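S.K.: Chains as they are written, first to last, in the working numbering: chain A, 1 to 139; chain B, 1 to 116.
Since the hints were made in silico from the structure, they are not lab data.
Hints are not guaranteed to be accurate.
Said to hold, decoys possible - Far from chain B, by Cβ distances over 12 Å, these chain A residues were calculated: (1) S54; (2) W66; (3) S87.
Said to hold, decoys possible - Chain A stretches covered by chain B per the calculated footprint, using a threshold of three residues with CB under 8 Å from any CB of chain B: (4) 118-124; (5) 127-137.
Bear in mind the structure is a predicted one, so any value in this text is a computation, not a measurement.
Ideal Cβ placement from N, Cα and C applies to all residues, glycine included.
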Amino acid sequence: MIAEDAARFTLVITGAPYASQAPQTALHFARAAISGGHTIAQVFLYGDGVHLASNLTSPPSDETDWPAEWRAFLNEHQIPATCCIASALRRGLLDDSEARRYEKPASNVSAPYQVAGLGDWLAATQDSTRTLYFNGGQS
Amino acid sequence: MSRRYLFVIDRAPYGDWSGRETLDMALSAAAFDQSVALLFTGQGVHWLRGDQQPKRIEQKTVSRNLSAATIFGIEALYVTQAELDQLGSAVDPGLALSAVDTARDLENQFTDVVRL
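Next comes chain A alone, as it looks inside the complex:
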């Protein structure tokens, strides 16, 4: 189905999985948008949202693995996704090259996520008809 006024959305996720509902709400929105004929131009993880990019999350088997669900969704629809480098480094989310740069013993971020700066977020907002922010609860 193609919507008459197809939109291009950028989704910014700032709430962490298992601490907030933000990743689930964003994923449900993204699935609905695509099935409605819209496009997700870019997913940008910022603040606590970078925890969604960890490929080491290991929830109990009777709980949904939200990072895995998101990775599968991004891969299936070939959606570019960026994990903000400043947010990620502070919180211990590193890809191979950052782990080498900072001489850390391990890395936990890999494709489909790029580790990059806020320039990706800004460019995505300008390439989209609308940017939506999925935040964690007010602390």
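Following the hints, put chain B in place on chain A, whose structure we already have.
M.R.: Chain B only, in chain A's frame:
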């Protein structure tokens, strides 16, 4: 369509990282020559207090970032007149603030309103 970004800070400084990360986004957009402004509202108005001494909780003061904001291309620091009146003489005299009547009217002047 050219974009205008308004970043809303509605939580007090130092209690969590959201305000700092909002400011980082604003500075980044300004560095890319976008039209950018900040709005302080609710508990966020405490960012505007003078004489902040966060050293004792091992944090860096946010005042310095704010006073540099306009140097780095942020066009205005907005606060509603009513909230500014409540702060009274506690407000940092070094900040150039722009008072508005309502947040809603201000938000309507921007294409992108970001509230983390």
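S.K.: Now tell me, hint by hint, if it's right for this structure.
M.R.: Verification of the supplied hints:
1. S54: Given a closest Cβ separation of 18 Å, the condition holds.
2. W66: Holds, because the least Cβ-Cβ distance between A/W66 and chain B comes to about 20 Å, which exceeds 12 Å.
3. S87: A/S87 not clear of chain B: closest Cβ-Cβ about 7 Å, inside 12 Å.
4. 118-124: holds (count 4)
5. 127-137: Per the Cβ count (3), the hint holds.
Hint compliance for this structure: hint 3 is the single one not met.
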